[in-house]
Each structure stands twice: as C-alpha cells, then as structure tokens.
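Student: Sequence:
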Amino acid sequence: MTGRAGNAFDRTEKKHRAERENRRPIYLDNAATTWPKPMGVARALEESLELYGANPGRSSYTMAEDTLLKVLHCRSAVGNFFGLAEPERVVFTPGCTWSINTVLKGCLRRGDHVVISDMEHNAVVRPLHALEQRGISVTRAHLFEGDPERTVASFRAALRRNTRMIFCTGASNVFGLRAPVKQLGELCRKQGILLGVDAAQSAGITEAESDTYAADFICAPAHKGLYGTMGLGLLLVCGDTLPEPLAEGGTGSLSALRSQPPELPDRLESGTLNVPAICALEAGIGFLTTIGPDALRRHEYGITSMLYDGLSGIDGTTLYTAPINSEWHVPLISFNIGDMGSETAAAMLAERNIAVRAGFHCAYDAHTVMGTHRRGTVRICPSAFTTEMEAVRFLDAVREICRRV
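Numbered by the numbering used here, the letters in the sequence shown go through residues 1172 to 1576 in order.
One should not assume that every hint holds.
[As the list claims (entries may be wrong)] Now the in silico label distances, taken between C-beta atoms and shown as ranges:
#1 GLU1434 / GLU1571: 57 to 65 Å
#2 GLU1434 / GLN1304: 27 to 35 Å
#3 GLU1217 / ARG1564: 52 to 60 Å
#4 ASN1251 / GLN1304: 34 to 42 Å
#5 GLY1282 / MET1234: 43 to 51 Å
#6 TRP1206 / SER1483: 25 to 33 Å
#7 THR1443 / PRO1494: 43 to 51 Å
#8 THR1539 / SER1230: 46 to 54 Å
Simulated from the structure, these hints should not be mistaken for lab results.
Note that CB positions come from ideal geometry on N, CA and C, so glycine has one too.
Please build the complete structure, drawing on both the sequences and the hints.
Tutor: Following this line, the structure appears as structure tokens:
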C-alpha cells in the first residue's frame, strides 16, 4: 500500500499496536498455556503455511518432500531435547491427553492393576475411571512434598501381584509438587512394571533427560513449557513396550496392509499430522535451547520465589506449600484470599488486567488431598517472559484486594 492511504494505514496499525500493548495483561496462567510465544514460534507458523503446506510422506513432489524432511527434522530436535537417541520414538499426537489415553488404554488389560498419585489431572483420572468399568483396578499413592523416600514407599506399598504400571504426574498442575520420577523408575525396573509420566507441567522445566531415562512413556503437550502451540502433544516411547494404537488409519506407509503398521512412529500416528504446530514446537524448543535450560529455570524460579515471598507477607492470603524449591516444586503457586471463592478472586484480578486460573484446575483429587475441595485455588505461574515489575504489580493488586475484603 502506497501514498497517503498507505501512510494512514501505517498510522492506524501503529495506533492499534500501541493500544494492544497497553491492554496486554499481566499473564500468569502459563501452567495452562504459555503466552506470549517466542517470536520464532510465530515465524515458524507463518513459514510452515508458506513452505510446508503439503501432506508429509504421501507424495514425491517438491513441497511434499520438503514437508516430510521438515517433520523429520522437528522429530529429531524433540528427540535430542529429551535425550532420545532414536527419533522414531517421538510420536506426535493431537495433545497430551491423547498421549496419556494411548498409554493407559494401549497397555492395560482386564485384570491389570495400576498405581497413580493422589494429585493426578483428569487426563489420567477419567481414562482410568473408564477402564475400571472394563476390569482394571486403580490404587492411589500419596505424593509427599519434598520427601521422595516417603513417596516411593507409598507407591511401593500400593503394588500388587497384578500391578502392570505406575502412572504418575511429573508435577502437580495445582500445587506444583514434583514427583520423584527417577526413584519411581528404579522401583518399576526392580518390580518389572511400566512407568508412565504425565509431563504436562514438567516438560521444558525439569531436567528432561533424567525423566526420559527413568520412564517407559512420557506424555507432554507442546503449548506449555515447550513454548509451542495448542493442538499438538508428544508421546515419547522410551522403553521396549509399545502400546496398542488408540486409533488406526492412514499413515502414508504400507498402504496395502489392512492392519496398522507395526513400527514407530506410524504405529501410533494415523491421519494427517499437524505440521504447523510441529514446526512451532521445533521453534519453541530452539528458544529453550538458545536461552539455556539453567538460565530459564533461574529466571522462572526467581520470579516464583518473589511471588511466594510477597504473598506470604500479605495478611489474608493462604498458601498451601512450603517455599518454592526447584527440587520439590515446579514454578507454580496456588493460593486463596481470605474466605473469598477462588473464582471471585480471579475475577477481581481480571478487572485489574491480571490473568490467572481459578477453580479446581481439572484435578479435583489434588484439592481433596489438600483440603481446598470446596472453593479451589487461585493459581499463578510465570514464564520466561514474566518480569519482576509484573510480579510487583500483581502483588500490589492482591494487597489492594485484601484491604477491601
């Protein structure tokens, strides 16, 4: 666009951009979805639509082959990040919930027993409830804050002769308590059973490779700590056991077979892949690698400790965990204000342009354990882009609300 019309358009765009910046919230809902995304993620999405718009692995024309090579490159990048030597063990799924369902429904059979923690998300609880109707039994073990020995002892005590699997959250999405994945992996190996990990809150935050070596399966979303976009999940098949497919269909390979191809990743990847989200995930992982996991952890835990210390000094607030420690917690806090309902508190923060999550966070079991099952909690979680000034403004807002109630 040129001339006076172009100049007017540019001025309007700059005005709208400034207005958007002024309205940008203090975003502390990163445990649900990280925002904003790195600039490279947006560029990768745009590039994928321009350069990688064909179905990968289905045709031999240039764009189809380029798309396949891009997917293979992204798969290798994910494998390298998590310490998987064989990239075919990286399975792309529609989301972390799909990955979890694949592990649970693809490995457990009538008569099997599974042990989970008492902090699990409904992505674990609900599939297992459905499987209980089909003859699977479930026992819950307690996740002790900051005490891996007692946690492992609780899981060990829950084992039975027919235990097939331990499936455990890597970290609670409500209270941020970390599970001792490495020690649970050692227990599972000694007992000859499987270990699955819901890494929705830990992927991109905790030491990725140590969990990979400990577990048989790691399930993770792209859109949280890996800084990708919604609509894509990961299933990392780290051990020798392969789940039965949750869905069958076209893979672009062995099309004469009526049965699903037996090899990974095709065994568990039916239908057209979400190529834009895969490209965005590679960019998100590139962002993490460029910053450096240690530097990112220092920043996020530093902001979280600042938030925790500030909240603990405000009369009328209730916190539910010990001070944030990177060995025991991911950088996430649940709190409440006085006797106020958590959703009321979140609405008052939203009026001040602060984005938080309130309620039960799709993990009612965790609230039952921690005594917050009546009103839930307000949850806050920083990201790589959260600033100290934003933390100060958030704490000022909480103080103001506490003075008014």
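Student: Is 25 to 33 Å right for how far apart the beta carbons of TRP1206 and SER1483 are?
Tutor: 27 Å, holds
Student: Given a hinted range of 43 to 51 Å, is it respected by the beta-carbon distance of GLY1282 and MET1234?
Tutor: 49 Å, holds
Student: Indicate whether the distance between the beta carbons of ASN1251 and GLN1304 respects the range 34 to 42 Å.
Tutor: 40 Å, holds
Student: Holds or violated: the 43 to 51 Å window for the beta-carbon distance between THR1443 and PRO1494?
Tutor: 47 Å, holds
Student: How does the Cβ-Cβ distance of GLU1434 and GLU1571 compare with 57 to 65 Å: does it lie in that range?
Tutor: Since the Cβ atoms of GLU1434 and GLU1571 sit about 59 Å apart, the hinted range of 57 to 65 Å holds.
Student: Is 46 to 54 Å right for how far apart the beta carbons of THR1539 and SER1230 are?
Tutor: 52 Å, holds
Student: Just to be sure I understand the hint, the distance between the Cβ atoms of GLU1434 and GLN1304 should be within 27 to 35 Å; is that true here?
Tutor: Taking Cβ atoms as reference, GLU1434 and GLN1304 lie about 32 Å apart, which means the hint holds.
Student: For GLU1217 and ARG1564, compare the CB-CB distance with the range 52 to 60 Å and indicate the outcome.
Tutor: 32 Å, violated
In the structure shown, a violation is registered for the earlier hint numbered 3 alone.
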